[in-house]
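Protein sequence lines correspond, in order, to chains A, B, C, D, E and F.
Read in the UniProt record's numbering, the first sequence has 232 at position 232, and its numbers run on one by one without any break.
Read in the UniProt record's numbering, the second sequence has 24 at position 24, and its numbers run on one by one without any break.
Read in the UniProt record's numbering, the third sequence has 280 at position 280, and its numbers run on one by one without any break.
Read in the UniProt record's numbering, the fourth sequence has 337 at position 337, and its numbers run on one by one without any break.
Read in the UniProt record's numbering, the fifth sequence has 239 at position 239, and its numbers run on one by one without any break.
Read in the UniProt record's numbering, the sixth sequence has 35 at position 35, and its numbers run on one by one without any break.
One should not assume that every hint holds.
Now the in silico label distances, taken between C-beta atoms and shown as ranges [claimed, not checked]:
1. Gly334/D - Asp219/C: 20 to 26 Å
2. Asp119/D - Ser323/B: 23 to 29 Å
3. Ser235/C - His83/A: 56 to 62 Å
4. Gly334/D - Gly260/C: 52 to 58 Å
5. Ser323/B - Leu109/D: 50 to 56 Å
Restricting the straight-line Cα-Cα distance to at most 20 Å, the calculated cross-link-like pairs of lysine to any residue (SDA-like) are [stated by the list, open to error]:
6. Lys188/B - Ser235/B
7. Lys85/C - Glu324/A
8. Lys30/D - Asp122/E
9. Lys85/B - Thr330/C
It is worth saying that the hints were derived from the structure and are not from the lab.
A quick note: this is a predicted structure, and the numbers were derived from the prediction, not measured.
Beta carbons are placed, not taken as given, at the ideal position from N, Cα and C, and that holds for glycine.
Protein chains: 6
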Amino acid sequence: MPKRIAAFGEVMMRLQVPGYDLLSQGNTLKYSFSGTGVNVVSALARYGHMGKLITRLPENALGDAAEAYLRKLWIDTSLVQRHGKYMGLYFLENGFGSRPSRVTYTNRLESSFNTAPQDAYDYEAIAAEIDALHFCGIALAMNDGVRQHMKGLAKAVKQRGGTVIFDCNYRPSLWGDNGYIKANPHYKEMLELSDIVMMNEQDALYTLGINTTKERREDQLEELLPQVMERYQISVIAGTHRSIHSSNEHSLRGFLLRGGQFTYSDMLTFSVYDRIGAGDAYASGIIHGALEGFAAEKIVRFAAAAAMLAHTVSGDTPMASESEVLRAMTASAGDVER
Amino acid sequence: MPKRIAAFGEVMMRLQVPGYDLLSQGNTLKYSFSGTGVNVVSALARYGHMGKLITRLPENALGDAAEAYLRKLWIDTSLVQRHGKYMGLYFLENGFGSRPSRVTYTNRLESSFNTAPQDAYDYEAIAAEIDALHFCGIALAMNDGVRQHMKGLAKAVKQRGGTVIFDCNYRPSLWGDNGYIKANPHYKEMLELSDIVMMNEQDALYTLGINTTKERREDQLEELLPQVMERYQISVIAGTHRSIHSSNEHSLRGFLLRGGQFTYSDMLTFSVYDRIGAGDAYASGIIHGALEGFAAEKIVRFAAAAAMLAHTVSGDTPMASESEVLRAMTASAGDVER
Amino acid sequence: MPKRIAAFGEVMMRLQVPGYDLLSQGNTLKYSFSGTGVNVVSALARYGHMGKLITRLPENALGDAAEAYLRKLWIDTSLVQRHGKYMGLYFLENGFGSRPSRVTYTNRLESSFNTAPQDAYDYEAIAAEIDALHFCGIALAMNDGVRQHMKGLAKAVKQRGGTVIFDCNYRPSLWGDNGYIKANPHYKEMLELSDIVMMNEQDALYTLGINTTKERREDQLEELLPQVMERYQISVIAGTHRSIHSSNEHSLRGFLLRGGQFTYSDMLTFSVYDRIGAGDAYASGIIHGALEGFAAEKIVRFAAAAAMLAHTVSGDTPMASESEVLRAMTASAGDVER
Amino acid sequence: MPKRIAAFGEVMMRLQVPGYDLLSQGNTLKYSFSGTGVNVVSALARYGHMGKLITRLPENALGDAAEAYLRKLWIDTSLVQRHGKYMGLYFLENGFGSRPSRVTYTNRLESSFNTAPQDAYDYEAIAAEIDALHFCGIALAMNDGVRQHMKGLAKAVKQRGGTVIFDCNYRPSLWGDNGYIKANPHYKEMLELSDIVMMNEQDALYTLGINTTKERREDQLEELLPQVMERYQISVIAGTHRSIHSSNEHSLRGFLLRGGQFTYSDMLTFSVYDRIGAGDAYASGIIHGALEGFAAEKIVRFAAAAAMLAHTVSGDTPMASESEVLRAMTASAGDVER
Amino acid sequence: MPKRIAAFGEVMMRLQVPGYDLLSQGNTLKYSFSGTGVNVVSALARYGHMGKLITRLPENALGDAAEAYLRKLWIDTSLVQRHGKYMGLYFLENGFGSRPSRVTYTNRLESSFNTAPQDAYDYEAIAAEIDALHFCGIALAMNDGVRQHMKGLAKAVKQRGGTVIFDCNYRPSLWGDNGYIKANPHYKEMLELSDIVMMNEQDALYTLGINTTKERREDQLEELLPQVMERYQISVIAGTHRSIHSSNEHSLRGFLLRGGQFTYSDMLTFSVYDRIGAGDAYASGIIHGALEGFAAEKIVRFAAAAAMLAHTVSGDTPMASESEVLRAMTASAGDVER
Amino acid sequence: MPKRIAAFGEVMMRLQVPGYDLLSQGNTLKYSFSGTGVNVVSALARYGHMGKLITRLPENALGDAAEAYLRKLWIDTSLVQRHGKYMGLYFLENGFGSRPSRVTYTNRLESSFNTAPQDAYDYEAIAAEIDALHFCGIALAMNDGVRQHMKGLAKAVKQRGGTVIFDCNYRPSLWGDNGYIKANPHYKEMLELSDIVMMNEQDALYTLGINTTKERREDQLEELLPQVMERYQISVIAGTHRSIHSSNEHSLRGFLLRGGQFTYSDMLTFSVYDRIGAGDAYASGIIHGALEGFAAEKIVRFAAAAAMLAHTVSGDTPMASESEVLRAMTASAGDVER
């Protein structure tokens, strides 16, 4: 049954040098608008849910372009606010083979989203309109104002019986020096409120500071995540392990922890066209599967296939329908579809 | 010795989303004009023959663009007629890795070609100008008018001692429900008139409805095709077996049945840039080899190399010269040619 | 006060050769989706109304792209149906100076919209959701099925007290031989149901067959339109007179007939970047002004300015906000806005 | 009645910076292939004649591209030879307003065309295949080898009763110091052989060295050209006077001298999109009109309209059909053609 | 004699929507790097001077691209510092006809340039390397740190006998509420240090707060600027009056006040391709003429022609050489230069 | 310690068909400027040295564009001369998979560089400004004038104690029939003057004509190069062995001979985006390592990593910084860098 799922998060403008030129070689950029929340609710809208975004965009031509773009991504923009003058942007230079992709950010802290005042969002009213709400560790890294909104919204949703989803997504460059120490209390607070959590053993080790004697990441995973699940009363924890063979070829294995049980997808190895946002495709697959009540194995295989497909489309945002993901789960590579 | 080879078939406009965007992501298309007949006679013209197309194009800007494009492809357009208002078109979204390419057709049944009246073509006059004539199963699927022209032309060519070439090319979506049953009598009639036929075991099994107890496609092939050859008095039957590893990597092995003898090319594995039309490159190689009197092994290796190269150029239509195909047959991959 | 305004009409794919190349010179196309209804409700959405489209789009990649595009244009797509396989498209070659622009259509009669079955739309339910509904003479030219839906919807809206808007927009090439005679009864039927009508003296003369002894089009206008208004009990009639100096420079004067009174805008002379759809911008301005209760002079000046601005943006669909139109009404050309 | 018209001349590759960038600003070029002969016979082919080109192109990828391009322009390439390695090219930076367009040539003297050996062309055989042959003063400036071929071909055509057409087209930069003195005997020799000549008063004054006491160019024209006509027994002389208001707006008046009588077109003033090659459009109009037996006024108006339209299309080569030129002669600027 | 001329100012990234699309319509941007200082010293480098830029760029891919771009513009980058992470950027949507161009800025206050510490520049060392230094009112609007650097550098240059150039360039949106009052003391301080000043009557009236009873801007100019010149002991004051007919056509008249004498250029009317930065072209012409000792009339005509040409090239930065400007001063519009 | 390193060599314009189209399919080209010398000194400038180019460029728009491009590549152009009208250019069609890339040259012998007069370069003055000078076998193939300059410059640098670098780079197509015999004395003369030499066993065998009984290229290398080193008193010899798996995948192993000792890099296998110029990246790595005093193994691994990275960027010219090469030496492929 379709759900009303919202995400709270910043919209960024992505400015990508076409092909494989560097910024210092090219003279054109391809632009689009994205963000973890954008990617997740757009993917969920393609799976048949209503996907809403809770954010603020500037009141100018950039904000107009962003809002139009969100609508094109099938996102319901009725909760999008228009205030202020700025939005964050990032430049992307595509890697090739042995040369990694490179992202350069502009100053996002002055964005409409990151400077929203205390009373910007009516937590109760928003919670009343949605069944589930998605948050991400990137927003948590911004500032106290954003963190207040995250916690306020999460509490309101929880209280009304909605589902709180949290993607840990720890980005070292955003937290700065002693980042894990700064981040720790906020992550804990979010986990207390969360039902579905995207994380892996790194988050447990570093952000939550739980110790292990294991060395292989698979062993660490199986030791640490059940502890987190129990400690924070989380119903679903999921994530991926990724191996990078070259800028153009990756492998990925998804895992799901539910009811005390780990379930894994096959290790998928695939050609990569656009790596950014593929993690959000995985998260969307998990959320869709969990909300629709899929069996554990179907959830994790669906999410892994969704992530794999997201590497084959341009842009941060997944574009596959449910039926396309289902086919990618089972079928081998196919010929032209006519 | 160069031959005068014609093809009877529809010209389609191909509208391709550049790069790997979907139609719902992009805003530009790259266009060209193609069709099985176009591809085959253009390739044969590059091998030194005179390549003519027998078709109808609309009398408007689209028809002008199509005819200019055919000329650029080295095709003699003196048998191209200009009447009516419409032509078929198809949209192509390139696949990548685990995501297949996707083709979306517009309604082609109202095209100038598919609505040509009974007396549109002077079969005798056309037959007098050519040494060989190529037909394709796609046209056979259109309507009775087109089928009448195919049979009329084939008979006229046969009667004058010319060579009739038929590529079975059964497309399920074109024949609709109970397609094999509808198609069967028309395929039989065409095979009665044909000297060189492109087909594989699938066509024998389903379109012609011949039974087999074999399971491997190679065994089915070797059992069924000699029966077809004998039944319809065909001098050459050829085709390929293709395996698809990803949208970007395929394998292909060509076969040739002549004088009761099967000859195979090596299994070629190669990178794929543009898969559409590669089967026509294979057919052109077979036709060229057969008309030029190559030995069986040279024919099938030439055709397979031509098909492989056709996957490396953009557009439906093969671009390689005879010397380029010959080099691709023998040489390993080479450095930049200066 | 914002209204809920819908349009009933076909969505076409526009395929434009970039710059000033002909189709036979270029190899790329820029695509977008438009239609009279699209243009009108998108413009009205930018003026603050809710703009809905009542149409059918194919259930494939083209339909996906079209629906996403409509959403990007700020159109509410909740009344858009997805059935069938085809949609109409047109190719546009831009004119320059003494060379006129050229449009080439594909066969639209097989489109999802034009083949909608009798029970495709629930007239009553739709009428219940909207305050006003816009129709266009282009749709009226299609076939009996479409005409039935137009009249059915118009009646339902009228019955519920909504506003029926009709843009005469007679296109000779769509009606064929004896077009005016064929069109006449359908135009009359639509005018009986309409409150706001876009037309000029040509429509009265030829489509409605009213005679005049006047020769100047201005005099014909002032003689004929009041007769039409009275005969069909129409509350607002509006339109434009256009003069074309070159592909790149036009003049336009808007008129409005209301309460027995003609009001005219100044004759505006302006540079033309993209002429298509500018008439829809004028219509949107009239509708907005009429529904918002502007004074007659403000209505006609607003609509003329909206039309002028629509010539300066790419694509068929107007992009200006209400404040941009208001500024264009009063201000002389301005410097860069920073 | 359609004629077989050939042109003898070099094919150049045109490399144009898109838009209005300078070479030092941009990083892409749009390429095409042209030349006076190319432009003239392509235009004549669009008017229904058979247009052939007599030239030499290199035996490599550049030559392949050029020959394909000529075919796309509707040119019969059966007289095109393929030898050597080089072809001339030129870079074009578009001017805008007060900034003139700029052309930069590469060294063309080593081109396949300009290094054709003495026995490259079989003058008699070529003359037997054509009704008229066009030459241009640009080729005359190249070297003795090219001049020999021009004179040999002209004599052969003349002897068989064909029509020799010569466009004076004196380019100072090609003849170098004392250019008029060097050019004079060659121009005289060509004029002796010519039936239709494109020239104006400048050619008479400087290249032929005829004196005048008149000062206005119109008066010089009327004094000098009849002397030239008589002296060289030329049946038609035609040309234009051009005024340049800005890079984007020119005026042009055509004249025709035939049977001792001057006929003039109106002075046409028009927007300019691509000025290069417009003179060849005028020449093609004159040739078409003269060969088809139009009345003098129709010839000169047709040629002037063809020249005007040629300023509105991209590329050096005219694209208009006869009916499009006829419409441009009479009609005022028109709205979009649907 | 070539001079060593520097400018102190911020480098901005310009992100322009190609053609005439809005940000909400397009998906690509063309980027370049500019700024008043960039434009001025690049133009002066094309006139034969050494043009240096004093600025700070981020230490990342954006900074690399900017510095490479400055070098391509012929700017000496030996005084460019690389620190920090951000740079200002602006989006440009081209206007057309009655629709004005629109600029949207991102938050520039956090840029490397605007956050340079107190000791970032060694004023004395810099002053020792240059003959003249250019400042602009845009930088003056940034913050106290930037203002300190401007004044420190100006004093150091003045003290060593160098020439201080100041372009008033008051931008209301940068100074905010009560902007004139805030700006006044800083403008006065800069004028005290300046030798060559770009300003007009608006600056005198509003920024400096001098009263007038005159109403026509020409009269205000002639009354107010001599007072400013005397009060601040400025040797040259220059500026322009611009009229905007449409986004594509402007008029401009330059003036120069020197030795108590006003000199004016003709009123130039011209087609506009890219308006931004044309004021800097005018300033560069004035600076070049003043430093080279041109007569007053030649200075102002040179500067006006340079400004006119700058409207015809893409990008903010002038591209004309001295000889191109000189030709534009005298010649009427010319034909293609071959 | 940064060195002043120059290269003597021709600048070529590269005109590349975008994507994988052939010249006869496309209509746009991407252009840049390169050459062995350009690539080497640009790479060395990115490693922190001062990179100068000694060359001649035409005095026109092409030369302007080339010089601006060199500056953008971080090259010091103070030794670049501007004379003459022509420069060499080459067209590049990208290969794909089994289809090799193809280069087509224009006639370069008339270029400004190749027609420089005897007194064009002041050898002594140039030698005084630089620490090392790079030459290439391509220039040696041009004509006696160029060879005279090479030897004159090499002698002057050698005499002042500078380092002479010579890249053998024998191109059969440039030397023509009996090329090795023609080339032999010139190669010997250059080797006499050289300190660092890029070559492999092929050069020793064919250009220098030294015999071997070995068959494997590795054995030939180890037998022949020490003989060359001793005979010509060269301090460093280096080069690569390359294997080509497809147009898109190559392997490469670098070697270094110094102090009688061979050192090898690992065999690197990598995806290829743009193969041209990768040999120059290897040479730059060797030069940088040798001049900076790296250990032999670090030199050869640095050079091999630099070559590998050069295959991943567009254009002939390497773009990697020293730190990027160092990371590519050690790290496995990495994820997006944020």
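A quick look at each hint next to the structure:
1. Gly334/D - Asp219/C: 20 to 26 Å: Once the Cβ atoms are compared, 24 Å apart, the range 20 to 26 Å for Asp219/C and Gly334/D holds.
2. Asp119/D - Ser323/B: 23 to 29 Å: holds, 27 Å
3. Ser235/C - His83/A: 56 to 62 Å: violated, 40 Å
4. Gly334/D - Gly260/C: 52 to 58 Å: For Gly260/C against Gly334/D, whose Cβ atoms are near 35 Å apart, the range 52 to 58 Å is violated.
5. Ser323/B - Leu109/D: 50 to 56 Å: violated, 30 Å
6. Lys188/B - Ser235/B: holds, 16 Å
7. Lys85/C - Glu324/A: holds, 19 Å
8. Lys30/D - Asp122/E: Not satisfied, since the Cα-Cα distance of roughly 48 Å exceeds 20 Å.
9. Lys85/B - Thr330/C: Violated, at about 46 Å.
When the structure is compared with the earlier hints, violations turn up for hints 3, 4, 5, 8 and 9 and for no others.
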